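Asker: Sequence:
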Amino acid sequence: MKHSKLLLTAAIIFVATLSMSSCSRKPKAFVEKRANGLAPSQHVKVPDTKSSVVTEDQPFDTSLTSVEVVRLMGNGINLSNTMEAYRSAEMSTTLDPSVYETSWGQPLTTQTTMDSYKAAGFDSVRIPVAWTNAMNYENGDYTINTAYLDRVEEIVNYALKADLYVIINDHWDGGWWGMFGSATLETREDAYELYRSMWQQIAKRFMHYGDHLLFAGGNEEIGRRLNDVNVCTDSGKLTDDECYQQAQKINQTFVDVVRKTGGNNKHRFLLIPGFGTDIGTTVDPRFIMPSDSAKDKLMIEVHYYSPWGFCSGNSVNKWGTQKEYRDMNEWLSKMDAFTQKGYGVVIGEWGVISTKKDGTKKDDMLAYCTNFLDICDIHNFSPQLWDTSLFFMRDGSGFADAELAQFFKERKNPQSADEQKAAIAEREANAPITFIDNSFVGASDKSVAWIMYNSQPFDIFYSVGDVYSPDSCTEGLVPTDVEITGEGDYTVALDFTGTAQGYARSFGFSAIGISNGELLFPGYCIQITEMRVNDEPVRMPSKGFTNADDRICTRMNIYNEWVNTVPEEARSYDGSTERKRAIIVNRDLPIFQEMKTLSITFHYGLPNS
1 MKHSKLLLTA
11 AIIFVATLSM
21 SSCSRKPKAF
31 VEKRANGLAP
41 SQHVKVPDTK
51 SSVVTEDQPF
61 DTSLTSVEVV
71 RLMGNGINLS
81 NTMEAYRSAE
91 MSTTLDPSVY
101 ETSWGQPLTT
111 QTTMDSYKAA
121 GFDSVRIPVA
131 WTNAMNYENG
141 DYTINTAYLD
151 RVEEIVNYAL
161 KADLYVIIND
171 HWDGGWWGMF
181 GSATLETRED
191 AYELYRSMWQ
201 QIAKRFMHYG
211 DHLLFAGGNE
221 EIGRRLNDVN
231 VCTDSGKLTD
241 DECYQQAQKI
251 NQTFVDVVRK
261 TGGNNKHRFL
271 LIPGFGTDIG
281 TTVDPRFIMP
291 SDSAKDKLMI
301 EVHYYSPWGF
311 CSGNSVNKWG
321 TQKEYRDMNE
331 WLSKMDAFTQ
341 KGYGVVIGEW
351 GVISTKKDGT
361 KKDDMLAYCT
371 NFLDICDIHN
381 FSPQLWDTSL
391 FFMRDGSGFA
401 DAELAQFFKE
411 RKNPQSADEQ
421 KAAIAEREAN
431 APITFIDNSF
441 VGASDKSVAW
451 IMYNSQPFDI
461 FYSVGDVYSP
471 DSCTEGLVPT
481 DVEITGEGDY
491 TVALDFTGTA
501 QGYARSFGFS
511 AIGISNGELL
521 FPGYCIQITE
531 MRVNDEPVRM
541 PSKGFTNADD
551 RICTRMNIYN
561 EWVNTVPEEA
571 RSYDGSTERK
581 RAIIVNRDLP
591 IFQEMKTLSI
601 TFHYGLPNS
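Once you know that position 416 of the sequence shown is 416 in this note's numbering, the rest is easy, because the numbers rise by one and skip nothing.
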């Protein structure tokens with residue numbers, strides 16, 4: 001018996017030794033990967049990442065609510081394309097942080113950078129961060145390189161020294177978020193382990209920092225981009241409802257992990273990314289804010305780049321119709337629903353992030369910015385301008401454009417709320433209905449079909465969105481839009497020969513839209529019968545489905561890589577949505593690389609009629 005006990009004791013010690021060694025072992029540099037391209041987690045113990053700079057709790061006003069802090073944050077700016085600039089495939093995760101920081105063309109961040117933000121009239125800065133730059137997660141190791149944490153902390157302290165509120169997040173980060181949508185259960189479990197480990201390390205590093213530092217749990221990826229396949233090849237399996245469910249679970253994980261790290265993190269202000277940071281999907285009842293042990297310390301973050309054609313590229317240079325003013329006013333006002341529930345609202349990204357072809361700001365940029373910031377002031381939102389040194393120079397000189405410099409300085413002391421409300425109403429009332437002669441714009445008793453279009457490089461644009469907007473058009477592009485009068489065959493077209501380059505390259509996004517189709521022709525379906533490019537017929541490898549995102553505009557996607565599953569409410573002319581796709585063209589075909597003309601003929605009618 002004694003011999004047996006000795007053997008048992010020895011076995012227990014041996015197992016315990018193995019267990020201890022496995023918890024503290026160094027991660028392997030390479031492990032065998034799963035079929036989806038990712039190695040399983042090595043379950044490496046989370047290291048102690050506490051700061052050596054701030055070692056005791058700084059002052060933190062726990063009486064402040066998130067709505068009050070948003071007011072103090074005022075207008076902010078993003079340190080864009082800097083710490084979220086992502087490593088290329090050949091780069092390791094152990095390089096000097098400056099290599100990643102400057103890899104997208106931005107200068108090294110200095111104290112001068114943050115001082116110039118403050119001098120320009122900004123009271124807060126959002127610092128997007130790609131933490132997996134310094135994390136070998138592809139091989140199952142979820143620890144963040146110490147040097148990278150040190151550099152982020154250094155930049156945070158530059159900002160705090162300049163008396164700025166600071167937001168840090170996990171931003172795109174190479175697309176690792178697609179692990180949450182993996183078909184492999186173990187990979188989905190690893191995604192949560194990675195996320196918990198990441199925020200344990202970040203939160204512990206900054207646990208003693210004061211109330212001017214805020215954490216944001218993610219960026220635009222917590223939504224449908226949980227299905228991204230660029231890193232995890234078997235992702236894309238989540239339905240829309242499942243994406244909402246996962247978003248809620250991820251956001252709750254973020255709050256719980258941060259709170260458990262203690263220090264000032266017990267009551268730190270936390271930003272919860274809205275669903276895809278899109279206003280429309282965030283006000284959807286399926287989006288549920290997480291619970292929190294701290295009172296009134298959660299905020300909601302959304303982004304605003306609408307209309308995209310005007311904000312994002314040099315293809316659309318005019319803005320300011322009645323509809324465009326009204327859309328901005330109405331869409332941003334939807335976020336009041338969160339303020340009324342006690343959540344501060346941060347517009348984490350916004351701006352006219354493009355110039356005219358000659359490199360100067362667009363003629364209507366100041367009108368856009370004026371109305372946008374007036375709305376944010378009235379509703380008590382904190383907007384964070386997105387700028388990649390396009391307008392704001394980080395060498396200390398600030399805005400290169402004198403008008404912009406003066407504009408943002410003056411926004412430091414806005415008008416009274418009553419004056420701003422009156423100005424917003426007056427602008428909308430006095431704006432033109434349209435910049436062109438088009439009787440379909442704004443008509444509720446007429447229906448028009450058109451091709452929504454974005455080229456693959458997003459430099460050619462026409463009326464993308466469920467609302468017919470022919471003003472959102474690249475200069476020189478000539479559309480052929482047709483009135484829908486009932487069942488029948490119709491042809492819509494785009495002629496690109498008058499644009500600056502004389503053609504458009506392939507598809508970034510495209511769909512057929514039929515304004516008021518759901519209201520005037522309920523149940524009707526679109527069946528494409530022919531597509532022609534440069535007057536040559538093009539075979540489509542897949543068939544599409546008919547649906548209506550807003551229950552007003554009937555549409556069929558031609559190329560929409562953001563839709564991975566057929567919506568439940570979709571319908572089809574042949575009565576079945578099986579094998580139907582949101583991508584029905586192969587955009588890599590040679591004929592699409594230089595499209596001078598694009599035409600689509602379709603039948604519109606009730607199923608099988």
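Among these hints, one or two may not hold up.
[What the hints assert, rightly or not] With a cut-off of at most 30 angstroms between alpha-carbon atoms, the simulated DSSO-like pairs for lysine-lysine come out as follows:
1. 266 - 295
2. 50 - 118
3. 421 - 334
4. 596 - 356
5. 33 - 237
6. 45 - 161
7. 362 - 334
8. 266 - 237
If you're looking for bench data, these hints aren't it; they were derived computationally from the structure. Only a predicted model underlies this, so the values are computations on that prediction, with no experimental measurement involved.
Asker: Now tell me if each hint is right for this structure.
Answerer: Against the structure, the hints:
{"no.": "1", "hint": "266 - 295", "verdict": "10 angstroms, holds"}
{"no.": "2", "hint": "50 - 118", "verdict": "28 angstroms, holds"}
{"no.": "3", "hint": "421 - 334", "verdict": "16 angstroms, holds"}
{"no.": "4", "hint": "596 - 356", "verdict": "23 angstroms, holds"}
{"no.": "5", "hint": "33 - 237", "verdict": "20 angstroms, holds"}
{"no.": "6", "hint": "45 - 161", "verdict": "33 angstroms, violated"}
{"no.": "7", "hint": "362 - 334", "verdict": "27 angstroms, holds"}
{"no.": "8", "hint": "266 - 237", "verdict": "35 angstroms, violated"}
The structure fails hints 6, 8 (numbered hints given earlier, in ascending order).
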